[in-house]
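Peer 1: What follows is the residue order along each chain.
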Amino acid sequence: MENKSLLKINNMYKWFDATQALKGVDLEIQGGQIHGLIGENGSGKSTITSIIAGVKMPTEGRMFFKGQPWEPSSMASAFDCGVSMILQEANTIPGCTVAENLYAGHISKFRKYGFLDSRKMVRKASEKLADFGVSHIDAAGLVDQYGFEDRKVVEIVRSLSSSTELLIIDETTTALSHEGRKMLYSIMHKMKEEGKAVIFISHDIDEIIEHCTNLTVLRDGEITGHLSYEDLQKDDAIERIRFLMVGRDIGDAYYREDYDSSHEEEIALEFKDVSVSGVKNFNLQLHKGEIIGFGGLSGSGMHEIGRAAFGLEKLASGKVIRNEQIIKSPHDAIRGSIGYISKDRDVEALILSGDVRDNIALPSLDGLSRFSFIHPSKEKELVEAEIESLNIKCYSGKQLVGTLSGGNKQKVSFAKWTANDSDVIVMDCPTRGVDVGVKQSMYAFIAEMKKQGKAVLMISEELPELIGMSDRIFIMKDDKVQKIFERHPDLKESDLIEYMI
Amino acid sequence: MSKTFKIFKSNFSPLLWIRQNSGDIVSYLGLVLCISVFSVTSGGRLWSPYNIGLILESTSVYAMIALGAMFIYSMGYMDVSVGPQLGVYAIIMILIINATGSLLLGFAVILVIALIAGFMNGYVAVWLGVPSIVTSLFLMFIFSGVQILLMERTGVNTISANFNFEAFLRPEVIFTVLAVEILIVGYLFNYTKLGKYVKAIGANEVTASHCGVNTTFWKVVAYLAFGFTVALGAVFLLARTGSAGKGTGSGYAMDIMLALILGGMPLSGGMTSRLRSAVTGAFTYVLLSNGLTLSGVDVTVIHMIKAVIFVGVTLLTCRKKYGVLPR
Chain R
1 MENKSLLKIN NMYKWFDATQ ALKGVDLEIQ GGQIHGLIGE NGSGKSTITS IIAGVKMPTE
61 GRMFFKGQPW EPSSMASAFD CGVSMILQEA NTIPGCTVAE NLYAGHISKF RKYGFLDSRK
121 MVRKASEKLA DFGVSHIDAA GLVDQYGFED RKVVEIVRSL SSSTELLIID ETTTALSHEG
181 RKMLYSIMHK MKEEGKAVIF ISHDIDEIIE HCTNLTVLRD GEITGHLSYE DLQKDDAIER
241 IRFLMVGRDI GDAYYREDYD SSHEEEIALE FKDVSVSGVK NFNLQLHKGE IIGFGGLSGS
301 GMHEIGRAAF GLEKLASGKV IRNEQIIKSP HDAIRGSIGY ISKDRDVEAL ILSGDVRDNI
361 ALPSLDGLSR FSFIHPSKEK ELVEAEIESL NIKCYSGKQL VGTLSGGNKQ KVSFAKWTAN
421 DSDVIVMDCP TRGVDVGVKQ SMYAFIAEMK KQGKAVLMIS EELPELIGMS DRIFIMKDDK
481 VQKIFERHPD LKESDLIEYM I
Chain U
1 MSKTFKIFKS NFSPLLWIRQ NSGDIVSYLG LVLCISVFSV TSGGRLWSPY NIGLILESTS
61 VYAMIALGAM FIYSMGYMDV SVGPQLGVYA IIMILIINAT GSLLLGFAVI LVIALIAGFM
121 NGYVAVWLGV PSIVTSLFLM FIFSGVQILL MERTGVNTIS ANFNFEAFLR PEVIFTVLAV
181 EILIVGYLFN YTKLGKYVKA IGANEVTASH CGVNTTFWKV VAYLAFGFTV ALGAVFLLAR
241 TGSAGKGTGS GYAMDIMLAL ILGGMPLSGG MTSRLRSAVT GAFTYVLLSN GLTLSGVDVT
301 VIHMIKAVIF VGVTLLTCRK KYGVLPR
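Chains as they are written, first to last, in our numbering: chain R, 1 to 501; chain U, 1 to 327.
No lab work stands behind these hints: they were computed from the structure.
Possibly wrong hints are sitting among the right ones.
Said to hold, decoys possible - Distance windows between CB atoms, simulated:
id	chain 1	residue 1	chain 2	residue 2	range
1	U	V130	R	S261	48 to 54 Å
2	U	M254	R	E266	41 to 47 Å
3	U	R276	R	C96	37 to 43 Å
4	R	C96	U	V301	42 to 48 Å
5	U	V130	R	G105	33 to 39 Å
6	R	M57	U	V311	57 to 63 Å
7	R	E71	U	T41	47 to 53 Å
8	U	V134	R	S163	44 to 50 Å
9	R	P94	U	R276	49 to 55 Å
10	U	V173	R	C96	55 to 61 Å
11	U	V134	R	P94	20 to 26 Å
Said to hold, decoys possible - Mimicking EDC-like on lysine to aspartate or glutamate, the simulated pairs with C-alpha atoms at most 20 Å apart in a straight line are:
id	chain 1	residue 1	chain 2	residue 2
12	U	K193	R	D332
13	U	K193	R	E381
14	R	K328	U	E172
15	R	K272	R	E324
16	R	K314	U	D298
17	U	K193	R	D366
Note that the structure is a prediction, hence the values are computed from the model and not measured.
By construction, the Cβ of each residue, glycine as well, lies at the ideal position given by its N, Cα and C atoms.
Construct the complete structure from the given sequences, taking the supplied hints into account.
Peer 2: Written as structure tokens, this is what we have:
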């Protein structure tokens, strides 16, 4: 393995209006590295990488790529020079075919007498997909027919070419299915073998330790520490990383500490013979004070069950019942004090162009209003209380939600339902793209909900949090519940995975 | 995303404030600019009592309808049927007034028709699953057809009402009606579920429905509110002219849209919709036509000048306020 320096960043600063996002960052990436970047939301990871990839300009500081000054003007020009980035958000172009998405920006390669040779493009695209071992995606098909996870795979394939020397992966793994992750890991390791480099951003410390050759930790726009491969393999690595990230010892309390899976007798939510999309005759009784976890791969049917619980899906048969009322729409669900945290936060859960107050108060307006009149100060009071209790970092309730960091957005998504004092909360991937500090507070929060007698349906692709939080875990595969696990200290991920795949 | 705003009230940033409120600032500046420029170029004629009365009369109709249209535009929808609707309503009112002598009965009849049209605009589009512009176009054609049919029946080019509308032209009456409407719409728009929900629907309909908003119901309510203001506007339009013909009301749909845009209303609707857009926009729009004419600008080029001003204002106010931030 050669150790030549691929990318060097000297003393970089970045300001956004009055906010300082980077404060004198120095970083060096060498060939043959899978260089992890970790830090809480808002610590500056994505700012660094988007500057490297040509999305943003630094306010101060210089970069060198292969010894030459590096000042990319756009993502496309950076890509042509061998630096590409996979973003956290969905970034495919809707309404276009997979092939068109793969060659977006490079369509001119397929020009023939001034027309587009789309057959050649589809053929090339199919070959490219096959190179990555992706066989279930049709290059000629519309990208919209594929789910979030598959579209992400298309993005990964797009971001790589034979000339790519530095690949930046910005929190992509949380958006991927199990197969997609495996594919991405193998790409990372292949690049490492070839002496190229990967910058890998993730919130998942285990994932970082497993795959990275070294790690840089950021906090509030500054580098707080570097860990070598040897450091990462030590037993205390996780504690050390968490300490560097948060700047204090977050202690051991992370998931629920108790193993008391008792709950009240009263049924909070019941599924009776529910058939929805592929799932047939599903039955479930969720009790007050109970946390039920659903685990599985994304196509396993568990997300549909969550949506059905909130009245978002049309049921082929059966009914979802809460307090003897049948839930047929989100309107019914909210009247029945059910809340739903969508996994597609930016599209379904939040109004990005709205401020924090509008977002948090929206589900509560019905209850808050008197003859349709909504008292502004009551609304403000309600929201301020949630901002404080969930510790949402915003300059005031008037800050637009679109300008918040990922973790704070998710807190807003939570706050909508706590503000409405929902008794049943359905959470679909509640900690997707959220950093350790926020995760910890959310877990504490969910545990508190159980104590208050609220019922929680937690759907997650992260097994550790299911094991750590649930009273019962339903593992799903092929639209069926494969196995139900009871809460137990000895329960391990490997026990669950067996029934998932 | 690493962009955490750490701005507390203690270090309030004027730059950020200006950026977040750029639409409002530009629309107010536009109004002030129109007033000051035309005050000079018209040689003072802008401020003649006669002209002020004229401006007030024509602004009032625009403003009355634009206020109701806010509910529709906030949802990101638009309506193109207002023009022919106004024409038909004016004709029907004249016919009823001339037959019975009662303006109230005429108003009651057109209010019912306007509410039915509003219901169709709101509900049929959802029911049939077509974009609301389709039902709006449908209504536009229907009302245009009815307008022509009614006028053919009368056999004359214009019909006049045998009614003294003087009371409706008194500035204090116009002011009072407009003020009351602003208060009512302002209340509905800012302090009730209707206003909050239409803005939420415009900003993100999926999220709104996930928050328990019955979007179909509130769409219909919004269109009904709009229908009410169209009926109100029709009365004041008729009061100004006293007569109606095939051309009555034509162009109003676009005028309302332009007024809203000049007032800083984002065409996509959503959370940044502000009620003042309707009022400042209507004033700016009327001032533009009035001021340019008074300043001796050739009528043939007024449209060109309006076009340039319109594009300029749109660029400043209606562009996306913030893009999708990379994370």
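Peer 1: Are the hints correct? Go through all of them and say.
Peer 2: Here's how the hints hold up against the structure:
no.	hint	in the structure
1	U/V130 - R/S261: 48 to 54 Å	51 Å, holds
2	U/M254 - R/E266: 41 to 47 Å	59 Å, violated
3	U/R276 - R/C96: 37 to 43 Å	40 Å, holds
4	R/C96 - U/V301: 42 to 48 Å	43 Å, holds
5	U/V130 - R/G105: 33 to 39 Å	35 Å, holds
6	R/M57 - U/V311: 57 to 63 Å	29 Å, violated
7	R/E71 - U/T41: 47 to 53 Å	49 Å, holds
8	U/V134 - R/S163: 44 to 50 Å	49 Å, holds
9	R/P94 - U/R276: 49 to 55 Å	35 Å, violated
10	U/V173 - R/C96: 55 to 61 Å	57 Å, holds
11	U/V134 - R/P94: 20 to 26 Å	22 Å, holds
12	U/K193 - R/D332	17 Å, holds
13	U/K193 - R/E381	17 Å, holds
14	R/K328 - U/E172	52 Å, violated
15	R/K272 - R/E324	12 Å, holds
16	R/K314 - U/D298	62 Å, violated
17	U/K193 - R/D366	7 Å, holds
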